[in-house]
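> All chains should be built: construct the whole structure from the sequences, respecting the hints.
Going left to right, the sequence shown walks through residues 1 to 306 as this note's numbering numbers them.
Quick caveat, the hints were computed from the structure, so don't treat them as lab data.
Even for Gly, the Cβ is constructed at its ideal location relative to N, Cα and C.
Treat the hints with care, as some may be off.
Said to hold, decoys possible - Computed beta-carbon distance windows for the label pairs: (1) I34 x E190: 25 to 31 Å; (2) S164 x E93: 31 to 37 Å; (3) I18 x N273: 58 to 64 Å.
Claimed, not checked - Below, in silico cross-link-like pairs of lysine-lysine (PhoX-like), each with a Cα-Cα straight-line distance of 20 Å or less: (4) K286 x K88; (5) K118 x K128; (6) K184 x K135; (7) K224 x K267.
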Amino acid sequence: MYYNLEGFGKKVTSIRKIHNLTREQLSKLSFVSIETIRKIETGKYIPSHKILDDLSAVLKIDLNEILLKYRLEDFQTFDDLKNRMEVKFDRNEYDTLEKEYEDFDDLLSYTKNQYFQKIIRQLMLLTKAVIINHKENNPTKSLETLIEAICITTPNFSLSNYQSYVYNSTEIRILMNIALLLRKLKSKEEAIEILEFCINMIDSDDEIYPKLCHNLSGIYVLIKQYSKALKYSNLGIDCCLYKRKYPGLNILYYGKGIAEYNLGYDKYMESLNKAISFCDVLGQEKLKKVIIYKCKKFYDIKLELK
1 MYYNLEGFGK KVTSIRKIHN LTREQLSKLS FVSIETIRKI ETGKYIPSHK ILDDLSAVLK
61 IDLNEILLKY RLEDFQTFDD LKNRMEVKFD RNEYDTLEKE YEDFDDLLSY TKNQYFQKII
121 RQLMLLTKAV IINHKENNPT KSLETLIEAI CITTPNFSLS NYQSYVYNST EIRILMNIAL
181 LLRKLKSKEE AIEILEFCIN MIDSDDEIYP KLCHNLSGIY VLIKQYSKAL KYSNLGIDCC
241 LYKRKYPGLN ILYYGKGIAE YNLGYDKYME SLNKAISFCD VLGQEKLKKV IIYKCKKFYD
301 IKLELK
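So, in structure tokens, the structure goes:
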């Protein structure tokens, strides 16, 4: 379900001010953190029913009922399209991404809600940036496109002040891609700094959490900090298993196996074989071949191609 979080946040702010409460006072009375209240009021966070119940008790109004009034139309179409985009990202299927870009453009043409329009435009620019990077081989232009995307909802954003803002899930997704480009354009350390910032900004139940874990694990392997690589692979795996979200487990188990191999752990083959098994389950034959190739080329590990 998608909501006009910007509008809902403004409504919560106005209700709080009617009661002459600061965020700090509301936090003390409701036992909801100031940071969570700030995220809600700035439209960067979908609060749980429990949090809204706690705030409602203080503000003397049913915020869960109010939130329902901010539901967005055509959310199912948007959700399906966004999922298609993510599947292509995960499978490195960049040749046909123009289709998703065009479908986002069609959805934008008949979407009246201004907040929803912003999110659609952001995902269009994210898709465009990925196409530019992988098909045109222009990471600098891709980075500029991603920054343009975040500026739609955070107008004063820059790479020098990114830590000054609170971000929604879509913005975190874009920030993650920015970090991956900076790994190539600047340094792995700068990429890690942004990815660590992102993962500390969101809850573990956010859909982007396992992807952040995978990317952090991968970069830590590159700089030979294998214990940290293993830590993030395990966090991502635990998250996916808990939520029963199996896409992504193949690449997470691959990262886990490589970290274990470099740490001298005997069970690395178990993890790598799980990576291959999940590739089979998810129908990701191309990724399976890549994993087998990399294991042989870089680590002289022979995996069976079933």
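> State for each hint whether it applies.
Status of each hint after checking the structure:
Between I34 and E190 the CB atoms are about 29 Å apart, so this pair conforms to the stated range of 25 to 31 Å. Between S164 and E93 the beta carbon distance is about 36 Å. The supplied range of 31 to 37 Å therefore holds. Under the hint 58 to 64 Å, the C-beta atoms of I18 and N273, about 60 Å apart, fit the expected range. Restraint check for K286 and K88: satisfied, since their Cα atoms lie roughly 12 Å apart, inside the 20 Å limit.
Distance check on the hinted pair: K118 and K128 sit about 15 Å apart at the alpha-carbon level, within 20 Å; holds. Distance check on the hinted pair: K184 and K135 sit about 16 Å apart at the alpha-carbon level, within 20 Å; holds. Under the criterion of a C-alpha separation no larger than 20 Å, the hint pairing K224 with K267 is consistent with the structure, at around 19 Å.
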